[in-house]
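Visitor: Residue numbers (my numbering): -17 to 133.
Because the hints were derived from the structure by calculation, they are not lab data. A portion of the hints provided could be inaccurate.
Taking lysine-lysine and the BS3-like style, the derived pairs with C-alpha atoms no more than 30 Å apart in a straight line are [claimed, not checked]:
{"no.": "1", "residue 1": "Lys(-16)", "residue 2": "Lys(-4)"}
{"no.": "2", "residue 1": "Lys(-4)", "residue 2": "Lys96"}
{"no.": "3", "residue 1": "Lys(-4)", "residue 2": "Lys108"}
{"no.": "4", "residue 1": "Lys108", "residue 2": "Lys96"}
{"no.": "5", "residue 1": "Lys30", "residue 2": "Lys41"}
{"no.": "6", "residue 1": "Lys(-16)", "residue 2": "Lys83"}
{"no.": "7", "residue 1": "Lys83", "residue 2": "Lys30"}
{"no.": "8", "residue 1": "Lys96", "residue 2": "Lys(-16)"}
{"no.": "9", "residue 1": "Lys83", "residue 2": "Lys41"}
{"no.": "10", "residue 1": "Lys41", "residue 2": "Lys(-16)"}
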Amino acid sequence: MKVQVEELSPVERKLSIEVPPEQVQAELGRAYAQLGRQVRLPGFRPGKVPRRILEQRFKGEVEDDVARRLVERAYLSAISEHHVDAVGAPQLTPVHLDQEKPFAFEARVEVRPKVDPKDYRGLPFKRVQAAVTDAEVDERLEALRQRAARL
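Let's have the full structure, built from the sequences with the hints guiding it.
Guide: Dropping the structure here:
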């Protein structure tokens, strides 16, 4: 798997990820094998439907599922290998699966910014004490009791 990480800004990275065709074919083989065990088609014994027939009927769904799994696996592997501290979900480019070509996609992701704390020890700080009366405590307790009350 090839991964290139490009820094777009201090808080955003673009990952260009390419999965080799051998891995794509292996994943497609597993998906069709699993589908073949589950699907029941007239004229075939359970679990004995040829892959060619499965491809004719279910190609779009299988390719979408395999693409989703490949993206998820490759993305998680890439951010862990390249120490990308992702904050949210990535924005993915539209992906198309082709058995003969490498499966390539791009993911833009926000990352946690690098913050270097400056010398803060000399800054003035005034601690403020909050004055709470017994009446305020009773009022708050009564509000909590009313909200949690059941009939």
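Visitor: Each hint needs a verdict: does it hold in this structure or not?
Guide: Cross-check of the supplied hints:
| no. | hint | result |
| --- | --- | --- |
| 1 | Lys(-16) x Lys(-4) | 14 Å, holds |
| 2 | Lys(-4) x Lys96 | 17 Å, holds |
| 3 | Lys(-4) x Lys108 | 44 Å, violated |
| 4 | Lys108 x Lys96 | 29 Å, holds |
| 5 | Lys30 x Lys41 | 17 Å, holds |
| 6 | Lys(-16) x Lys83 | 14 Å, holds |
| 7 | Lys83 x Lys30 | 29 Å, holds |
| 8 | Lys96 x Lys(-16) | 26 Å, holds |
| 9 | Lys83 x Lys41 | 17 Å, holds |
| 10 | Lys41 x Lys(-16) | 26 Å, holds |
Hint 3 alone, counting from the list given before, is not met by this structure.
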